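There are 2 protein chains.
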Amino acid sequence: MDKIQTCNYCEKGENLDNLMSKIIELPYSIVYLFKNQQHHGRCIVAYKDHKTEYFQLNAEENAGLFADVSLTAQALYNIFHPTKINYATYGDLVPHIHVHVVPKYEGGPNWGTPWEEEPKKFLSDSEYQDLIRQIKTEIEKLQQDGMGK
Amino acid sequence: MDKIQTCNYCEKGENLDNLMSKIIELPYSIVYLFKNQQHHGRCIVAYKDHKTEYFQLNAEENAGLFADVSLTAQALYNIFHPTKINYATYGDLVPHIHVHVVPKYEGGPNWGTPWEEEPKKFLSDSEYQDLIRQIKTEIEKLQQDGMGK
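If you read the protein sequences in the order shown, they are chains A and B. All residue numbers for the first sequence refer to the working numbering, where the first residue is 1 and numbers rise by one. All residue numbers for the second sequence refer to the working numbering, where the first residue is 1 and numbers rise by one.
Hints are computed from structural coordinates only; laboratory data are not their basis. One or more of the hints may lead you astray.
Which copy is meant is left open, so a pair is good if it fits within one copy or across any two.
SDA-like mimics (lysine to any residue), calculated; alpha carbons at most 20 Å apart, straight line [what the hints assert, rightly or not]:
1) LYS22 to LEU142
2) LYS51 to HIS81
3) LYS84 to HIS50
4) LYS120 to GLY107
5) LYS51 to PRO109
6) LYS22 to GLN56
7) LYS12 to LYS22
8) LYS12 to ASP92
Note that the coordinates shown come from a computational prediction; the quantities given were computed from them, not determined experimentally.
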């Protein structure tokens, strides 16, 4: 796959590690737990290859990416029971295709508006590991049930 | 298709008309021009049926929706040459699946951040009609070239 050495998602180095932790590799993407857990369960689904717009993917790749996003969202829904899930690809400054998957809770932060990054909420290492384990387990269970194929 | 009578996207009435204008119907969605044209070319791709999370779609429907989104983004890119396109599904309060497709321009509004709704920018009727015609024509051209199938 194409790699761009100045791209956080391609480098997979310290810049990325400061922001998120890998949960699982899916057919077309890697799922990360976002360290700012202001929105409980927030993840990022990053396309494996360095592409910057959906239309740079062929039909199979585009369908595959969004199958991965759907699978991730289903897992978050099953575990955390959010009221709604928000999904966004921005990337003006980090254009490698990545989808923010953000559980929203009625009465919780930014309910009814696009989410803000502040105030940030960080967890302990063991709390991150627990979330990663839960999400990974649920994704694998859904895959065994035939989702995301 | 399922319709919910209290949903703007299902009703297709005055509430929707105040916010956006139909451009074209695609296989899985309807593409609208957003009236607030602060970000030149901003559209919404609304799923035809009343579903509220991507994982409520089967694999074919999910792939079809994102083929429509990709086709729309390609058309906007070809016409307006944005630096980057942003894509988002929020919907805490209007949960019917719809994807904001927002061209972003380096040096323009909200470059490098998620977009804001303010300050709004409205156009004349003839300017809206001109944008609708351009986008519809480009989408149809791409379809004839085999995209979005």
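Hints not upheld, ascending by number: 5, 6
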